[in-house]
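Undergrad: Here is what each chain is made of, one letter per residue.
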Amino acid sequence: MTTAAMTRRRTATGGWEVALLALNVATVIAMAALVWASLLYARPAINLSGDEQTAQRIFYLHMGCNIGALAGFIVSLTGSIIYLLTRNLDWDRATQASIEVGTICGLGTIVTGIFWAKPTWNTYWTWDPRLTTATITVLLYIAYLLFRNGIDNRRTRARFGSIYALFAFLSLPLTYYSARWFRSIHPVVFSGDNPEAQGGFALGATMTQTLFIAAIAFSLLFSSLMILRWRILRLEDRAAELREEIE
Amino acid sequence: MTLTAPSHNPPLSGPQTDLQPVSMRTEGGLRAYLRKVVAIAAKDLRAEARAKENLSAMIAFSVLAVVVFGLAFDLRVPRADMVAPGVLWVVVLFAGVLGLNRVFGAEVDRGSLSALLLAPIDRSAIYFGKVIAQMAFMLTMEAFVVPIVLVIFDVNLFSPWILAGLFLGTLGYVSVGTLFAALTASTRARETMLPILLLPVMVPIFVAGVGLTANILDGREVAEFGRWFLILAVYDLVFITIAFLIFDLIWEDA
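Residue numbers (this note's numbering), protein chains in the order written: chain H, -18 to 228; chain X, 25 to 278.
Keep in mind that the hints were calculated from the coordinates and are not lab data. Watch out, some of these pointers could steer you wrong.
Claimed, not checked - Away from chain X, derived, C-beta distances all over 12 angstroms, residues of chain H:
id, residue
1, Ala11
2, Leu29
3, Thr189
4, Arg210
To be verified - Per the computed footprint, the stretches of chain H lying under chain X, defined by three or more beta-carbons under 8 angstroms from a beta-carbon of chain X, are:
id, segment
5, -1 to 7
6, 138 to 147
The beta carbon of each residue, even a glycine, is placed where N, CA and C say it ideally should be.
The whole structure should be built from the sequences, with the hints applied where relevant.
TA: Structure representation (structure tokens):
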């Protein structure tokens, strides 16, 4: 099958376009609900006061962005491995789309974390393993996107990008464990306990519900952004092919 | 160059044509394979001995970098010897990029890459040959850096554990770096692209190397710094294996 046939766009408005529209609408509603819940609905933390009390509300966005970044990581690793096995360019486009969305989510995680850390830890930055790993992940995402831009041939770009993504993301567990030997002060909210963690807080009922909304909203946001981006990339490839056919 | 056929279909699939090249690539067993690896490495070392373009630049840069770091930290850091482990590994990583850029860059510039790829050997033999040659350059460069660090920072790095850690770290660095050098060799702006790709993947090596060197300088026990060796060893093992498996894919359409 030629690339032209693989990227041919359906002209009729199929069922999946309606589904995509519904997904986008659901994303907008869920994000609006998240803004309301995180700012108004969730009750303040009992054990915090002053700036820390205000800053803890950013946690809902922080965790949501983190879900997006993690999803980008998982989809891109899966996509690059499947591309190398099947050579279906759709998987390469999925990798690229998930890394682009993951970059934005990763930057969101880091920026919200910085805003929270200054009042809570009294420092913007520390080389905690989670911070280190998140930063390195975003740097890897950016390197991947820059690297792709420098390759002209479409299939070479897909293959080299997949090889790089595979290598880069396999190094992340080692990055995490090597950074873990340094002192960690990041609070562990969901499981386990870190006796040296600072700024942690117990979750009340409304906070748990808001977190639940955040998880759903950001999963929807990641999915709809990724699918939209994937479609754009597909159309771009199709346009490039048609241009080649004309020339 | 545009591809018309899907690249996973090898062009030599007819019954008459595929016998010779394929058998020449793999025949002879391990001994022949090692001979091919050594031949590639020897070719690079000989080219370097005659042209002297790569190693001299690496050594000059690394010595210069240690001196510049020493000057910069002397003004502000109360005890400059505290930063010596970080300086050592930063200099090794940055000077290494200079060498790695030339691993396949030199082949592309001389127009000899196609000839190298036409050689009837397995592509992984090219990879391991390049890794061995690059290891030789890096270790030579480090043989200059370690005494300079001793002079500038007054830190004695001549301990068997530190040198073993330096060897393991360099091996991981070169094994990933050689593969990335192959990826960037034929792209636009390869000299600037390689460090951007390479450095974030090198964080485990860098952190483990700095941690190891600092722990040994502090006089810690083997039980305490052994975990850094574990990280370095796992990194080397994982990435050499994957590089061996994946290197064939890089020039599959060339």
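Undergrad: Confirm or reject each hint.
TA: Hints and how they fare:
1. Its beta-carbon lying about 33 angstroms from the closest one in chain X, Ala11 (chain H) satisfies the requirement of being farther than 12 angstroms from that chain.
2. No beta-carbon of chain X comes within 12 angstroms of the beta-carbon of Leu29 (chain H); the shortest separation is about 33 angstroms.
3. Listed as a non-interface residue, Thr189 (chain H) keeps its Cβ farther than 12 angstroms from every Cβ of chain X; the least gap is roughly 35 angstroms.
4. With 12 angstroms as the threshold on Cβ separation, the claim that Arg210 (chain H) sits away from chain X holds: the shortest Cβ distance comes to roughly 23 angstroms.
5. For the segment -1 to 7 of chain H, the proposed coverage by chain X is not satisfied: 0 residues have a C-beta within less than 8 angstroms of a C-beta in that chain, short of the threshold of three.
6. Check result for the segment 138 to 147 of chain H against chain X: holds, 5 residues qualifying (beta carbon to beta carbon below 8 angstroms, three or more required).
The structure fails to meet hint 5 from the earlier list, while all remaining hints are met.
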